[in-house]
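Q: Sequence:
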Amino acid sequence: MGTGIQTKTLILVATAAILGGSLYLFQQKLPPPASEQAVTSAKPVFNLQESQITGLVLKQGEQALKLERDDQGDWQILEPVAARAETGTVVFLLNLIATAKTEKSLTVPLQTADEFGLAEPIATIEISTLAQGTHRLVLGGLTFDRNQLYAQADPPIIPTDPLTIIVVPLQFLDAINKPLQAWKAQPTPTPSASPSPP
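Numbering (UniProt numbering), first residue to last: 1 to 198.
Each hint should be verified, as a subset may be incorrect.
Stated by the list, open to error - List of simulated lysine-lysine pairs, DSSO-like, C-alpha gap at most 27 Å: (1) 43 / 101; (2) 8 / 59; (3) 59 / 104; (4) 184 / 104; (5) 43 / 59; (6) 8 / 101; (7) 178 / 8; (8) 8 / 184; (9) 104 / 43; (10) 178 / 59; (11) 101 / 66.
As the list claims (entries may be wrong) - Label-pair ranges, simulated between beta-carbon atoms: (12) 49 / 110: 29 to 37 Å; (13) 129 / 171: 17 to 25 Å; (14) 18 / 142: 32 to 40 Å; (15) 61 / 83: 17 to 25 Å.
Since the hints were made in silico from the structure, they are not lab data. Note that the Cβ used here is the ideal one computed from N, Cα and C, for glycine as well.
Whole structure, please, built from the sequences with the hints as guidance.
A: Put into structure tokens, the structure is as follows:
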């Protein structure tokens, strides 16, 4: 009777070891969860550094804002008015352009451009650079979850079928939806003379 129990115990232990080993090997071959894949597959929208950008043209409907970096490295508004640009506002947009990553790329028929907000885009940003010429970023509508924007990076001037669409950070809306006054540098207040003590 003792031998039968030992044999059964050995068989159970061997079976458990085989099943455990098989499960371990199976899990090693599984791909990482989707969220991990999205992080590792994210790629830059443009391969640019902020310092390489020399000019921007932001078009929203019929309005256009033209910015250019001068010889001293300061940003100037050239259109619709000539003025010194607010550095913080410009740098926020530059940083987004230089660091934005996209995790998703879609290929869709040209006739569906309207569904992605690209038939009449929210904005088009033309980016002039030192070495790479000009890039274009066309911003379309919100994604289904309203956490990102559909966009096209360097699309052809005349749309082709099919369209290649990417998703970009929603922060682009914060960076571009500003009144002209927010793009202008605010004058620094002159210190008032303090009265001299008696």
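Q: Now tell me, hint by hint, if it's right for this structure.
A: Okay, the hints, checked on the actual structure:
Taking the CA atoms of residue 43 and residue 101, the gap is about 5 Å. The hint holds against a cut of 27 Å. For the hint pairing residue 8 with residue 59, the CA-to-CA distance comes to about 78 Å; that exceeds 27 Å, so the pair is violated. Between residue 59 and residue 104 the alpha-carbon distance is near 25 Å, which keeps this suggested pair within the 27 Å criterion. Only pairs whose Cα atoms come within 27 Å are accepted, and residue 184 paired with residue 104 is rejected, the gap being roughly 35 Å.
Taking the CA atoms of residue 43 and residue 59, the gap is about 25 Å. The hint holds against a cut of 27 Å. With a CA separation close to 58 Å, the supplied pair residue 8 and residue 101 exceeds the 27 Å bound. In summary, the hint linking residue 178 to residue 8 is not supported, as the alpha carbons are separated by about 76 Å, beyond the 27 Å threshold. For the suggested pair residue 8 and residue 184, the alpha carbons sit about 84 Å apart, so the restraint of at most 27 Å is broken.
A threshold of 27 Å between alpha carbons decides the hint, and for residue 104 with residue 43 the separation of about 9 Å falls inside it, so the pair holds. At most 27 Å may separate the alpha-carbon atoms for a hinted pair to count; residue 178 and residue 59 meet this at roughly 12 Å. With a C-alpha separation of about 24 Å, the suggested pair residue 101 and residue 66 falls inside the 27 Å cut-off, and the hint holds. About 33 Å separates the C-beta atoms of residue 49 and residue 110, a value consistent with the hinted range of 29 to 37 Å.
As the Cβ distance of residue 129 to residue 171 is approximately 21 Å, the hint placing it in 17 to 25 Å holds. Here the CB-CB span from residue 18 to residue 142 is close to 52 Å, at odds with the stated 32 to 40 Å. A C-beta distance of roughly 21 Å is found between residue 61 and residue 83, which places it inside the suggested range of 17 to 25 Å.
In terms of the numbered hints stated before, the structure departs from hints 2, 4, 6, 7, 8, 14, listed from lowest to highest.
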